[in-house]
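**Q** Sequence:
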Amino acid sequence: MSDSTPRITQPYLEQFSHAAVRILGKVRQLRGEQATIDAGGNIQVYLNRDAHLQLNHAVEIIGKVQNDLSVKVMASTDMGPEGNIDFNAVEAVVDATHRYPEIFYDKAQ
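Residues 0 to 108 (numbering that gives the first Met the number 0) are what the sequence shown spells out, left to right.
Everything labelled a hint here was simulated from the structure, so no lab data went into it.
Note that the structure is a prediction, hence the values are computed from the model and not measured.
Where a beta carbon is used, it is the ideal one built from N, C-alpha and C, also for glycine.
A portion of the hints provided could be inaccurate.
Simulated restraints, written as ranges between beta carbons of each label pair [stated by the list, open to error]:
1) Met78 x Ser3: 18 to 24 Å
2) Asn47 x Asp94: 24 to 30 Å
3) Arg27 x Ile61: 15 to 21 Å
4) Pro100 x Leu68: 17 to 23 Å
5) Glu101 x Gln33: 18 to 24 Å
6) Asp85 x Gln53: 28 to 34 Å
Work out the full structure, taking the sequences as your base and the hints as a guide.
**A** Right, here's the structure in full:
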């Protein structure tokens, strides 16, 4: 399972330093090649050339957590207006992912 990208929210960033992760959040701010997303708290992300985010849209990011707990984006998917996503369900999935890690990812990352 070394290619797994566990789903996380902002409170889990520190546990996954230097690991590839998957985050579903709301785009709150765009500044050039940087953005801030809200995923259980604000996360600073550094965009790649293929990232085309829009304010107030939901976005799924696959990226690598950096030393400063920012995320360097490897891939992103615009999920449409944030109102289309049930973020309570997203948080429940993240909670289940970390409650039962053996099902979702290799905890020895």
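**Q** Tell me, in ascending order, the numbers of any earlier hints that this structure violates.
**A** As far as the earlier hints go, 5, 6 are violated by this structure, in ascending order.
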